[in-house]
Amino acid sequence: MGCSVTQKERSGIINPIFNCQPAGAQYAGIGVKDCIPLVHGGQGCSMFVRLLFAQHFKENFDIASSSLHEEAAVFGGIKRLEAGVDSLVKRYPDLRVIPIITTCSTETIGDDIEGAIRKLQRMLKRDHPGRVVHLVPVHTPSYTGSAVSGYNVAIQSMVTTIAKKGEANGKLNVFTGWVNPGDITELKHYLTEMGIDATVLLDIESFDSPMMPSKDSFTHGSTTVEDIEGTANATASIALSRYEGYSAAQYLEKTFEVPATLTPTPVGIRNTDIMLQQIQKITGKAIPESLVRERGVALDALADLAHMFFADKKVAIYGNPDLVIALAEFCREVELKPVLLLLGDENGGYVKDPRILNLQQNVDYDMEIVCNADLWELEKRIKSKEIELDLIMGHSKGRYIAIDAGIPMVRVGFPTFDRAGIYRIPVIGYKGAMWLGETIANTLFAQMEFKKDREWLLNTW
Amino acid sequence: MSEKAESLVTFIQERCLWQFVSRAPDREENIDGVLTLVGILLTGGAPKLQTPMDRLHFANANHLAMEIKSEFPWLTHLSKEELFAVVTGAIKRIHEITVKNSKNGELHQPLY
Amino acid sequence: MRTQRYDRGDKTMPMKLLDCDTVIPEREQHVYIKEAGEDTTQFLPVSNAATIPGTLSERGCAFCGAKLVIGGVLKDTIQMIHGPFGCSYDTWHTKRYPSDNDNFQLKYAWSTNVKEKNVVFGAEKLLKQSILEAFDAMPTIKRMFVYTTCSTALIGDDPKAVAKAVIAERPDVDIFVVECPGFAGVSQSKGHHVLNMGWIHEKVGQVEPKITSPYTINFIGDYNIQGDTDVLQRYWHKLGIQVLAHFTGNATYDECRGMHRAQLNVVNCARSAGYIANELKKKYGIPRLDIDSWGFSYMATGLRKVGDFFGIQDKVEELIEEEEDKWKPKLDWYKERLKGKKMAIWTGGPRLWHWTRAVEDDLGVQVVAMASKFGHQEDFEKVIARGREGTVYIDDGNELEFFEVIEMVKPDVIFTGPRVGELVKKLHIPYVNGHAYHNGPYMGFEGFVNLARDFYNAVNSPLWALAGQNIQEGVR
Chain X
1 MGCSVTQKER SGIINPIFNC QPAGAQYAGI GVKDCIPLVH GGQGCSMFVR
51 LLFAQHFKEN FDIASSSLHE EAAVFGGIKR LEAGVDSLVK RYPDLRVIPI
101 ITTCSTETIG DDIEGAIRKL QRMLKRDHPG RVVHLVPVHT PSYTGSAVSG
151 YNVAIQSMVT TIAKKGEANG KLNVFTGWVN PGDITELKHY LTEMGIDATV
201 LLDIESFDSP MMPSKDSFTH GSTTVEDIEG TANATASIAL SRYEGYSAAQ
251 YLEKTFEVPA TLTPTPVGIR NTDIMLQQIQ KITGKAIPES LVRERGVALD
301 ALADLAHMFF ADKKVAIYGN PDLVIALAEF CREVELKPVL LLLGDENGGY
351 VKDPRILNLQ QNVDYDMEIV CNADLWELEK RIKSKEIELD LIMGHSKGRY
401 IAIDAGIPMV RVGFPTFDRA GIYRIPVIGY KGAMWLGETI ANTLFAQMEF
451 KKDREWLLNT W
Chain B
1 MSEKAESLVT FIQERCLWQF VSRAPDREEN IDGVLTLVGI LLTGGAPKLQ
51 TPMDRLHFAN ANHLAMEIKS EFPWLTHLSK EELFAVVTGA IKRIHEITVK
101 NSKNGELHQP LY
Chain G
1 MRTQRYDRGD KTMPMKLLDC DTVIPEREQH VYIKEAGEDT TQFLPVSNAA
51 TIPGTLSERG CAFCGAKLVI GGVLKDTIQM IHGPFGCSYD TWHTKRYPSD
101 NDNFQLKYAW STNVKEKNVV FGAEKLLKQS ILEAFDAMPT IKRMFVYTTC
151 STALIGDDPK AVAKAVIAER PDVDIFVVEC PGFAGVSQSK GHHVLNMGWI
201 HEKVGQVEPK ITSPYTINFI GDYNIQGDTD VLQRYWHKLG IQVLAHFTGN
251 ATYDECRGMH RAQLNVVNCA RSAGYIANEL KKKYGIPRLD IDSWGFSYMA
301 TGLRKVGDFF GIQDKVEELI EEEEDKWKPK LDWYKERLKG KKMAIWTGGP
351 RLWHWTRAVE DDLGVQVVAM ASKFGHQEDF EKVIARGREG TVYIDDGNEL
401 EFFEVIEMVK PDVIFTGPRV GELVKKLHIP YVNGHAYHNG PYMGFEGFVN
451 LARDFYNAVN SPLWALAGQN IQEGVR
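Residue numbers (my numbering), protein chains in the order written: chain X, 1 to 461; chain B, 1 to 112; chain G, 1 to 476.
Honestly, the hints are just simulated from the structure, not real lab data. Remember, predicted model here, so these are calculated numbers, not experimental data. Think of the CB as a built atom: it goes at the ideal place given N, C-alpha and C, for glycine as much as any other residue. Just so you know, not all the hints are guaranteed correct.
Some chain G residues flagged as far from chain X (calculated, every beta-carbon gap over 10 angstroms) [said to hold, decoys possible]:
no.	residue
1	P14
2	F43
3	A109
4	L126
5	A137
6	E202
7	K342
8	E399
9	K425
10	N439
Listed next, with one range per pair, are the computed distances between beta-carbon atoms [to be verified]:
no.	chain 1	residue 1	chain 2	residue 2	range
11	X	V74	B	G45	40 to 48 angstroms
12	X	D216	G	D100	43 to 51 angstroms
13	G	D100	X	E346	55 to 63 angstroms
No farther apart than 25 angstroms at their CA atoms in a straight line, the calculated lysine-lysine pairs in the DSS-like style are these [unchecked claim]:
no.	chain 1	residue 1	chain 2	residue 2
14	G	K117	X	K352
15	G	K107	X	K451
16	G	K107	G	K117
17	X	K8	G	K142
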């Protein structure tokens, strides 16, 4: 009885839960305006990731490759890197940031990225006087960590390279972690309601980009060079994700004395409460009545669902670790029973995560948290009937597990390409909790009708 | 080469893939094999098909000959010798375009 | 009139340097605008050459060409990717090739999960461990492809030795190793080549197929995208032809080991699998018949050629008549409405030459611009021979070039990948998925009608007109 934390026992992987580090670094890079990440490695490292982003957002993002070819294995890849920066700078006159993202090939070869950057900056000064292009070294070999840590490394690298001491700007840095545009919208709503001047890192609300009559709207992030420079001069930082972006906040605290607060990922009512109260504490701005009402609306909606439809229903959750843990906490708020959490890399920090320790202390039914997991850990437990699930929550790459076993699945996290428009919807905040609850409910309802399992229950609910 | 014969070459170039296989010797074999058969078929002859490659050339030539007949009716008004001369000219020209003067550097690479 | 004129500046330089490429002038050798009277002995784009870094080229890597395009299609084979897990993750849920084996090939991605310590100390033990785990997890699967990736190639692992050791321990399994690190070659193409050559040299001939018909073929270069292979298989079945192996649509590992017994190799995708057809001719004397299995008229031509080879012309004509009766009226309905429409094709390479003449003859459509990711000069010889004058032919096109070419040729639709499609959507230009189709299959007679239907629905969507209206300017 109770919550146990285990490790996947196999060495190999069957169905990885996320992508490798360079993918996460690219996700951070595209959040910056006038920025084209340059992935230093084989062409697949960028091309596959561009496809992945296109699947999730239904948008094209500009990411370049140094197009490593065979001779680099012998002679090193620096010449390709230099040529890549040269092409980009010359052909994209508005370009201001190039994160140089390493991959397993170029890390194994041992290319000196920092040395190359120094040389390139001299070349820039000489050939493009007056033009400022920030070249950010991002060390993200794929044989360490995962997309989660890659995102973290990239944000920290960009802040390290670009943040600049200047006049205090009175702003709050918000490190959001790996979220969707819909989450940014919700976050900005809170900041506006509370009257807070904030720098959202990264502001990806604009990923949901329109077709305009002028035909001149293309997809890019909105965080500017000035935003990143200004992080050094903020009043404080708050990080909404332990594993995705907190390192940058810690860097700012250490280097520029910008105090950093880590708050539990704000998925669910309680986690959102904590975040808002933290923000109130840090900024001195009061939580307005409007947000209390929003909270009330969410609770009102969830109260209709919890003890009627959710209680005792068993859920498996997989995806990015902060999201998985926060979703588990939300589930417990509405009487769903998360029985299996899959955390997808070998980060030793999970066993020390206070939220996981909390689950271990308080869960009074059988729950397993598998670290270093892959999706075979989920599939094999279902196939062997070790667990019987009522719901799966996770990203679209696990869809066949749900489809083949006939288990209802709510798409959440990244990527969610097999459903329309999910990236536009928040899972954080009160609206997020409400959407999660209602989506879980509607998914269960559709299943009832499909299986003719007491579908008449919904006749009059 | 006369304009008419050149139009026959263009017709073949637009329609046929066998002249563009990867290796120069295979292209030459196909061009000779297929177009010789086309010549025979256009003059009402019966092709002798003994080997699998003969049958391949016939597969590539048979329908092509029918199309050529309908697209270039003037061919059927030529004598046997004149027709073979046109076909021989086409063979030479296609060899030139796809092998001899081709800018395709891979043609002579044994690995491809 | 098949000609359309654009300002090419100096007429003696039909290789075109686009404005966005003035700072990378070597691109001029890769862009060609065809004029009357020219042929490919005069002008042929440089192809299959090193990519210029940082151009936002559309190319992928060699590993992609081997695993995602060819190997991963097999319906009964574990795809063990030897490297960090990203390569595995990235080639999973990115294709639409079903099978009649419950789509096993779509559901799983395996990785040896190479970590930093393996990069330092070697990963052969890890590879062996992962292979055994994979077979143990799925006891009914006995076949495996192992792919090397950038890191495992660099650290000098010997995966073939590991595979050999496993086969010795477990004689009921077989393993094929493909050495295709991402940095090999210049694009996906290298992966095609390595896989083809490895397969013919190491595996073909190891299994004797059971011959059930006097007419046997291999169908080479078709990967069952949205059921293409099933469409073609129905034809072969009707004609009484036994397909020993599809390479590799809806195929099994062992079927592909029996390719040596076919009387004829019918080749559709000459780019990705022409190599194995060449080698089968060299080693076993099997003739290579190139056809186009896309295209309404082309399909009939291809079937007639097969019929001529085997001497079963009557059966073929019967099949063609049946198919044309069923599908030609629908095709013509679309042709009536698509006549004169302008199409761009930005795909891997072969579909350029498969489709350009087919859409012209069968649908009255003009192809005005084409770009190939990884085509070789052979592909350009074919497409330029078949393509229109005034059309822009591009090798290894990049994003800024796409924008410029769109301005030049103003296509009504672009057949390309979903990401590029989402880019051109901002310009109110519809795309149809040229790789994995919108609503396919696209091969065969019915397939071309499907292609026409998607084309028609794409260009006739009311959404484009709505997108062009600025509501601030009042009601129209």
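So, going through the hints one by one against the coordinates:
1. P14: holds, 24 angstroms
2. F43: holds, 25 angstroms
3. A109: Answer for A109 of chain G: violated, closest chain X Cβ roughly 6 angstroms.
4. L126: L126 of chain G is in fact no farther than 10 angstroms from some Cβ atom of chain X, at 6 angstroms.
5. A137: Given a closest Cβ separation of 6 angstroms, the condition is violated.
6. E202: Given a closest Cβ separation of 22 angstroms, the condition holds.
7. K342: holds, 18 angstroms
8. E399: violated, 7 angstroms
9. K425: violated, 6 angstroms
10. N439: For N439 of chain G, whose nearest Cβ neighbour in chain X is about 17 angstroms away, the distance exceeds 10 angstroms, so it holds.
11. X:V74 x B:G45: 40 to 48 angstroms: violated, 59 angstroms
12. X:D216 x G:D100: 43 to 51 angstroms: holds, 48 angstroms
13. G:D100 x X:E346: 55 to 63 angstroms: violated, 38 angstroms
14. G:K117 x X:K352: Holds, at about 24 angstroms.
15. G:K107 x X:K451: holds, 24 angstroms
16. G:K107 x G:K117: violated, 29 angstroms
17. X:K8 x G:K142: Roughly 24 angstroms between the alpha carbons, so the hint for K8 of chain X and K142 of chain G holds.
Against the hints set out earlier in the document, violations occur for numbers 3, 4, 5, 8, 9, 11, 13 and 16.
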